[in-house]
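Undergrad: As given, the protein sequences belong to chains U and V, one line each in that order.
Terminal number for the first sequence in my numbering: 294, no gaps in between.
Terminal number for the second sequence in my numbering: 200, no gaps in between.
Just to be clear, a hint being listed does not mean it is correct.
Said to hold, decoys possible - Simulated crosslink set (EDC-like; lysine to aspartate or glutamate; CA at most 20 Å straight-line):
(1) U/Lys-175 to V/Asp-100
(2) U/Lys-175 to V/Asp-84
(3) U/Lys-185 to V/Asp-84
The set of hints was computed from the structure by calculation and includes no laboratory data.
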Amino acid sequence: MTSSVGAPREPAGTGERPPARDDLEEIELSLLLEGVYRQYGFDFREYAPASLRRRVWRRIHAEGLTTVSALQDKLLHDQACMERLLLDLSINVTAMFRDPTFYVAFRDKVVPALRTYPFTRIWVAGCSTGEEVYSLAILLQEEKLYDRTRIYATDINEAVLERARGGVFPLDKMREYTQNYIKAGGKQAFSEYYLAKYDGAQFQRSLTENVVFAQHNLVSDRSFNEFNVIICRNVMIYFDRTLQDRVHRLFYESLATFGVLGLGHKESIRFSPHEGGYEELDPSEKLYRRID
Amino acid sequence: MLGLVVVGASWGGLQALGRVLSDLPREFDLPVVIAQHRHPGSQEGTLAQLLQKQIDRPVLEAEDKLRIEPRHVYVAPPDYHLLVERGFFALSVDDRVRYARPSIDVLFESAADAYGDGVIGIILTGANDDGARGLARIKELGGVALIQDPAAAVRRAMPDAAIAATVADAILPLEDIGLYVHELWVRSSGARETA
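Chain V on its own, in the form it takes in the complex:
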């Protein structure tokens, strides 16, 4: 059963994230966790505030041991790695992974380890290869791997790297991702109700 959506984005990510999140219908209640690369000096809370302006669901910057609630959107704080345990968050200030903190790989790998086949991982626009390994890990443990179509991404390096690293369940234009995720969720909850 699906339990968590994780999203990784870098260059051009803010706009892409806004689009995907606002396409999620109101009844969609999976928590969404985001690692967006940011400048280490960026102001805390800013990304969450910017996203909050675009969508209805609550957007929070993750804190250590904070419980993961349905329908909420969480963003990794700047200059921390965000990790997922079963039902709550953990933070780390370990070294940058491939020059990034937060690292998308770190978030995705921990989500795969904690939620197994209940994870949907999404790689959006970006100018590096962070997230490719994490998405492969999600796929390896039975989760769903989605990648933004590189042809239309603001920067295609990150989607390209993800495509090279794993067999994606779907490679989609940005405007189809939200609805696709919603449909996966509908099917997963339907399966649960009829089981």
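Extracted from the complex, chain U is given alone in its bound form:
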């Protein structure tokens, strides 16, 4: 070993840190989730721990509290506090035409198949505040397919669905969304789709004419129709493997033969038990087609 590097200090041993602090936090967290489930029926027990913990701590700080247990106490006795946590845990930040190349691939590889169907049912699962739903509706309008399509947009949280129905998005996002729209192969001027008002950009009502917004919980609810396309991007990254497998089964069972599943860029069916039931339609855009 070169001496210029000097002698590293030994990494601090386990004796130096506060004992079992995180084991305790783990107990607190699992008690909180159990309490939320039993009192309110929302089951977050199979969410991925690392991001769940961050979101819970953000709520702890926002409530002016200092421990997971204190939040549990407040949640169980104060429904308004539970609603705030539910927003924290269920809002998935997204953008219109996020990952524009996904929409390019959708136009090139999914739209031609949809043209052969008399009628198309699309499920946007975990639609949050609706940015993807509006993006998809715009794309389908431009491809002249919208009139024979129904989009089912679902989310666990009624409050975000209400916002999605409203179709108002922040004005300061329009520049970014316009760029995304152009890169996504948009065929018009993006500004034709919304009206700039003082509180935001109000998107055209015609975009939601064929959209059904409905509450659906991927953790506990069953399939409710047969679909030609299911889009669920960056939703399952918040789930642990067991829950992911279950939701993959739900999607597989909900897709018609040759139905298409669209996931986020960094998600994969490679680890799921249903991998064999699909072929890759576009591996880098994570578009898969059910083949049996």
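Go by the hints and put chain V onto chain U.
TA: Structure of chain V alone, referenced to chain U:
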């Protein structure tokens, strides 16, 4: 026992990362996970490809639930937070943390929570204070905190912020970091073998 190296870098990071990684001797087998700030529109895979040109060990862009393998180098994908669970990755698209996604704090804090005193955290050059809290968290849970000497960094704000936030185990010139990390690992594996 050491299990993971996490590295945070921003302005000037690509070159610094290349140097640190190529200084790691071949037998060094800890996984290295990198959060490098990037423009949200940056092309996927590019950072991994650029690093791959400079080093022998496999460089991958992390995917959701991907298993963490020895000797591999992983980079956070653009516009996602990268989190570490014990043995695999998790992603999130939650809000930017201090204007950054990926956030170095998010990666470091999750690594500390998952690997405790088995983490080495390294803060390199950068023009903001991301990573300072995460490095403090690593230190708090018994891990090792290393910081690039701000005097010679392309941008010193990030090392300075890290120095202010925690008591570092070492503040080193860029060219000494790889060997220092290697020596920590040798000692840690030696301790394991003689235990």
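Undergrad: Below or equal to 20 Å on CA atoms is what counts here, so check U/Lys-175 against V/Asp-100.
TA: Holds, at about 14 Å.
Undergrad: Sort out whether V/Asp-84 lies within 20 Å of U/Lys-185, counting only the CA atoms.
TA: 17 Å, holds
Undergrad: Assess, step by step, whether the Cα of U/Lys-175 is no farther than 20 Å from the Cα of V/Asp-84, and give holds or violated.
TA: 16 Å, holds
In summary, the structure agrees with every hint in the numbered list given earlier.
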